[in-house]
Amino acid sequence: MGFFDTPAPYILAGLVLYFITYMTYSKYIDRKIWSADPNRPTPARMYFDGVEYFPVSKYVLFGYQFKSVAALGPIVGPLTAVLFYGWVPALLWVIFGNMFIGWVQDYSAMMMSIRSDGRSMGPITYKLLGGRARTILLVYLIFYLIIITAVFEWTIVDVLNRVPGTFTAVLFVLLGGIVFGQLVFRMKMDVLKATVIALLIVLAGYFLVAFVPAVRSPPTNFLDNPATLSRFPAPKGVNPATLTWPGTSTALFWLIVISVIYLAASLTTMPKFLLPTVYVGYLPSIIALVLVLIAAIATPLTGLTIQQTSLKALYVDPLVNPQGGPIWPILFVTIACGAISGWHSLISSGLTSKQLEYETDALPVGGGAMMTEGAVALSSIAAMMVLAAPPLGAAAYVVGATTLTSKLLNVPPIFMSILYGIFVTVMGLITSMLFVRVFRLTMAELFERSPLGNKYIATLIILILSGFLAFVGSWTNLWIFFGGTNQLLAALALLLVAIFLVSQKKPSTYVFIPGIFMAVTTLAALAWETYVYGLYAVLNKPIGVQAAAAMLYGNWVVSVSNYISAAFGALLLILGIIMTYYLIKGWLSYRAEAKK
Numbered sequence: 001m002g003f004f005d006t007p008a009p010y011i012l013a014g015l016v017l018y019f020i021t022y023m024t025y026s027k028y029i030d031r032k033i034w035s036a037d038p039n040r041p042t043p044a045r046m047y048f049d050g051v052e053y054f055p056v057s058k059y060v061l062f063g064y065q066f067k068s069v070a071a072l073g074p075i076v077g078p079l080t081a082v083l084f085y086g087w088v089p090a091l092l093w094v095i096f097g098n099m100f101i102g103w104v105q106d107y108s109a110m111m112m113s114i115r116s117d118g119r120s121m122g123p124i125t126y127k128l129l130g131g132r133a134r135t136i137l138l139v140y141l142i143f144y145l146i147i148i149t150a151v152f153e154w155t156i157v158d159v160l161n162r163v164p165g166t167f168t169a170v171l172f173v174l175l176g177g178i179v180f181g182q183l184v185f186r187m188k189m190d191v192l193k194a195t196v197i198a199l200l201i202v203l204a205g206y207f208l209v210a211f212v213p214a215v216r217s218p219p220t221n222f223l224d225n226p227a228t229l230s231r232f233p234a235p236k237g238v239n240p241a242t243l244t245w246p247g248t249s250t251a252l253f254w255l256i257v258i259s260v261i262y263l264a265a266s267l268t269t270m271p272k273f274l275l276p277t278v279y280v281g282y283l284p285s286i287i288a289l290v291l292v293l294i295a296a297i298a299t300p301l302t303g304l305t306i307q308q309t310s311l312k313a314l315y316v317d318p319l320v321n322p323q324g325g326p327i328w329p330i331l332f333v334t335i336a337c338g339a340i341s342g343w344h345s346l347i348s349s350g351l352t353s354k355q356l357e358y359e360t361d362a363l364p365v366g367g368g369a370m371m372t373e374g375a376v377a378l379s380s381i382a383a384m385m386v387l388a389a390p391p392l393g394a395a396a397y398v399v400g401a402t403t404l405t406s407k408l409l410n411v412p413p414i415f416m417s418i419l420y421g422i423f424v425t426v427m428g429l430i431t432s433m434l435f436v437r438v439f440r441l442t443m444a445e446l447f448e449r450s451p452l453g454n455k456y457i458a459t460l461i462i463l464i465l466s467g468f469l470a471f472v473g474s475w476t477n478l479w480i481f482f483g484g485t486n487q488l489l490a491a492l493a494l495l496l497v498a499i500f501l502v503s504q505k506k507p508s509t510y511v512f513i514p515g516i517f518m519a520v521t522t523l524a525a526l527a528w529e530t531y532v533y534g535l536y537a538v539l540n541k542p543i544g545v546q547a548a549a550a551m552l553y554g555n556w557v558v559s560v561s562n563y564i565s566a567a568f569g570a571l572l573l574i575l576g577i578i579m580t581y582y583l584i585k586g587w588l589s590y591r592a593e594a595k596k
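The sequence shown begins at 1 in this note's numbering and counts up one residue at a time.
If you're looking for bench data, these hints aren't it; they were derived computationally from the structure.
Calculated lysine-lysine pairs in the DSBU-like style (CA-CA distance at most 35 Å, straight line):
#1 Lys506 / Lys595
#2 Lys455 / Lys127
#3 Lys32 / Lys585
#4 Lys596 / Lys127
#5 Lys505 / Lys127
#6 Lys505 / Lys595
#7 Lys272 / Lys193
#8 Lys27 / Lys193
#9 Lys595 / Lys127
#10 Lys58 / Lys188
#11 Lys32 / Lys58
So the derived label-pair ranges between C-beta atoms look like this:
#12 Val320 / Ala388: 15 to 23 Å
#13 Val320 / Gly554: 19 to 27 Å
#14 Tyr28 / Leu200: 39 to 47 Å
#15 Gly554 / Tyr25: 53 to 61 Å
#16 Tyr563 / Leu263: 25 to 33 Å
#17 Arg132 / Leu452: 16 to 24 Å
Quick reminder that beta carbons are idealized off the backbone N, C-alpha and C, glycines included.
My request is simple: use the sequences and hints to build the entire structure.
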């Protein structure tokens, strides 16, 4: 076994390149283009209201930002890309995409919002480009958030059943968040002391699940008919009782449970539930992440070698595998986060910018959190590299991370599988809580004089629509759709920042060029996925795991789902083209005006 036969040199190279980028390129942009000033009042201090605007320590805010942006994208995306195209293309995009595009978007969107009194992308678009462009952007965001929520819902449901005991441990994470919020924002306890208490609650949940077998017993699937479940063969070596098939009542049960949590996240004030829960969710996540990275770098000592092919294919026939397609543009949207993610611009501009205490905190919070998410993507690639026959979905990360860390620590795999089941579920659940809240705020902004803008009605709309798409298994290809819409949002955010900078007579090339690249790539990906969904709808053929729902309820349910998905894709493609046109036209107009 040689050193270069292990994941170690490649994961280490990625981490080193991230560090160099942060210490050089990002600090240059912060200093020379934005001129971050710790003495300039931030929106959190100017408009303090204790609900949306309130200053938070950069250490807490980093945890909040990281956990808000780092979800299932940097986990499922890279491992799916490795599965179809090989680990080399996935690794290169994760490293260089983050270095030159990813952190650029997160940090720049945050600074743009700070310099715009904490406004989100909608109002900033209205100010720079007018009401029509703002309306198009908000409609785009509504459909984008429905898709991304559906994708995350099913993935969470799948992991909850594949890794027994995970939900119990996640409940302790939520409890730790609620306690932390009360201690810090109501009782004014020191952040460090409150963090220790919250971490102890989280650890109590982990050890309860790890050492009490009754707590982690496999789900009974009491809502399902065993005879019905027996019609769907489980993967080799997997107990059918631990699987939740699309379209079954167990899937519906978990979707309802998750929806209750989403309701709380959408309707309560930020300091009471969402912000502290997101921060506390970051604590076990960062521990789990560091362990995987150390284990990957230590593979020359533990003897684990690369089992995956470096380059597998440049094209995957969609009729053979609907998640496939040409390596460009599909690879660049399959890795939906880790390299770049449009969701991050919504968090940076719509939420975090309202809590930033000092302008100089934007780089470690915005740029630093994004590069940390890049490390999550590197850990996902490492987990896949050591598996010869990985399971499908997020479960592959649990298996790979367990293989790496249990070998390093020389502990029974059950302890690590529980930890990484919690890691994956928390990464998905907590971030998707934010999806629902942002959807509700976007609906309120777009339909401010309509019942559709009501916070209760808006929340129910996304829970019903996304729940239906998740229930029938449409998430199979919605992952690629999510990547396309997500990365296109990133392109739009980059181009909007470019317009803002030009309007301030500042250099904009560092955001404009990445914005154009991402716009062309993602529009091509959306066109491809619209074609794939339309093809399967016309052929009246289920996509992947939709076969289970088709057997239970008939092909018509799946066809309806695919026609809806194809319509969503066509609409998002059209809106994306129009919005890209407006942004490029606006940039050229402001640039010409700046030269006068």
